[in-house]
Amino acid sequence: GAVVSQHPSWVICKSGTSVKIECRSLDFQATTMFWYRQFPKQSLMLMATSNEGSKATYEQGVEKDKFLINHASLTLSTLTVTSAHPEDSSFYICSATLGQGRGYTFGSGTRLTVV
Amino acid sequence: GENVEQHPSTLSVQEGDSAVIKCTYSDSASNYFPWYKQELGKRPQLIIDIRSNVGEKKDQRIAVTLNKTAKHFSLHITETQPEDSAVYFCAASISNFGNEKLTFGTGTRLTIIP
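Residue numbers (the working numbering), protein chains in the order written: chain A, 9 to 123; chain B, -3 to 110.
Worth flagging that the hints you see were computed from the coordinates, not collected in a lab.
Take the hints with a grain of salt, since some may be wrong.
[Claimed, not checked] Simulated restraints on C-beta separations: (1) B:Glu52 / A:Lys49: 28 to 38 Å; (2) A:Ser26 / B:Thr74: 42 to 52 Å; (3) A:Ala10 / B:Thr74: 24 to 34 Å; (4) B:Val50 / A:Val11: 39 to 49 Å; (5) B:Gly51 / A:Ala10: 22 to 32 Å; (6) B:Glu35 / A:Val11: 39 to 49 Å; (7) B:Arg105 / A:Glu67: 39 to 49 Å; (8) A:Glu95 / B:Glu52: 35 to 45 Å; (9) A:Pro94 / B:Lys54: 42 to 52 Å; (10) A:Lys49 / B:Val16: 14 to 24 Å; (11) B:Gly51 / A:Ile20: 46 to 56 Å.
[Said to hold, decoys possible] Which chain B residues stay away from chain A? Per the calculated CB distances, all over 10 Å, these: (12) Ser8; (13) Thr20; (14) Ala25; (15) Val50; (16) Gly51; (17) Lys64; (18) Glu75; (19) Gln77; (20) Glu96; (21) Leu98; (22) Thr99.
No residue lacks a Cβ here, since even glycine has one placed at the ideal position from N, Cα and C.
The shape of chain B in the complex, shown without the other chains (with noise of 0.2 Å):
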């Protein structure tokens, strides 16, 4: 099955910096690769995805890379601000009609430091 990696497991950043997480997966088939961003107790909150036929994708401060070739996905956090800090995850799965399952990556605890 799918294995998800995810580095680095905390990650503390200056307010105003950038931040990136990156996360690897092992099935080439994989084809959809959304982040989530989990506060605690809470359940996760779609920030971004991509999938497989794009390299990258932007939404305002956040942006997501592809690299199907070497199969890792990374996160990018532009001008952090300190609402910013939470748990993040990445995830993998074969989009296709019926059994979509989603793994996830182990996590990264973000702290945006004022």
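So that you can see chain A by itself, here it is in the shape it has in the complex (with noise of 0.2 Å):
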């Protein structure tokens, strides 16, 4: 149980387009989702925060404005890379609390190619 669903698991885009990776709670409700990114060799570094029906979170220096968060439904965020650039290429995932304090579900990650 407790599984969350990302898509796609990798995608290449050029230079100056938008890239939408979505991620799906399968079997439960995922009122918090949570965005990270992690560059090679590097470790998990969150970029926002995610909540069913409002506005994201965002941790210090990540832009909002490029990187947008939508949690529409209790079973669906999405991250959009508008505008993206090849320092953007980096592995994102997504994550879930199950709320509780039962702990965290992962997606199975976004390699994202900019050319």
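Quick one: dock chain against chain with the hints and give me the complex.
In structure tokens, the structure reads:
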């Protein structure tokens, strides 16, 4: 149980275009989702916290106009990388809290390559 | 905000020996400390976790200890096997109703030498 499905698993896009990444909770309602970015050989860095029905909370240094997060339902959160540039190439992973201190579940990640 | 430091960044251990990875955290309010194993290009996988009301937890070859006073926690892997080779991350969060933001350590690349 508690599965988060993330798509696409990998994407290659041209510089200047936008890319949307989806995370769906399959068998539970995810009130809160987290979006992480992981550069090669580095840790997972939290980008933003996404709450259903409200605006996302972004971490310091993350451009909210560049990384658009939408959490319109209890089962779907999306991250759109707008006007992507090569430096945005990274591994993006979503995570959902299971609530009441039951830990977290992670999506399978999206490898974004901007050329 | 929370800051989690992790050491060592790389660790090589002979197969069958033990491996220890240590983390420190800054926010005394943190009360949930998971450890994740991540293989290249994959999602982090929870291997063990501990809450602040417990000092030690063990699951077969894996154990975690927590010292709340010193704000540090450690992962212990005994009888290491080649399949234990991976990157390990510690993390910390303040588990409450609502925002349970998880902060990760910098990671340890563990290599088991056959």
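Here is how each hint holds up against the structure:
| no. | hint | in the structure |
| --- | --- | --- |
| 1 | B:Glu52 / A:Lys49: 28 to 38 Å | holds (31 Å) |
| 2 | A:Ser26 / B:Thr74: 42 to 52 Å | holds (48 Å) |
| 3 | A:Ala10 / B:Thr74: 24 to 34 Å | holds (29 Å) |
| 4 | B:Val50 / A:Val11: 39 to 49 Å | violated (27 Å) |
| 5 | B:Gly51 / A:Ala10: 22 to 32 Å | holds (27 Å) |
| 6 | B:Glu35 / A:Val11: 39 to 49 Å | violated (18 Å) |
| 7 | B:Arg105 / A:Glu67: 39 to 49 Å | violated (25 Å) |
| 8 | A:Glu95 / B:Glu52: 35 to 45 Å | holds (43 Å) |
| 9 | A:Pro94 / B:Lys54: 42 to 52 Å | holds (45 Å) |
| 10 | A:Lys49 / B:Val16: 14 to 24 Å | holds (21 Å) |
| 11 | B:Gly51 / A:Ile20: 46 to 56 Å | holds (48 Å) |
| 12 | Ser8 | holds (16 Å) |
| 13 | Thr20 | holds (15 Å) |
| 14 | Ala25 | holds (14 Å) |
| 15 | Val50 | holds (13 Å) |
| 16 | Gly51 | holds (18 Å) |
| 17 | Lys64 | holds (16 Å) |
| 18 | Glu75 | holds (26 Å) |
| 19 | Gln77 | holds (23 Å) |
| 20 | Glu96 | violated (5 Å) |
| 21 | Leu98 | violated (6 Å) |
| 22 | Thr99 | violated (7 Å) |
The structure fails to meet hints 4, 6, 7, 20, 21, 22 from the earlier list, while all remaining hints are met.
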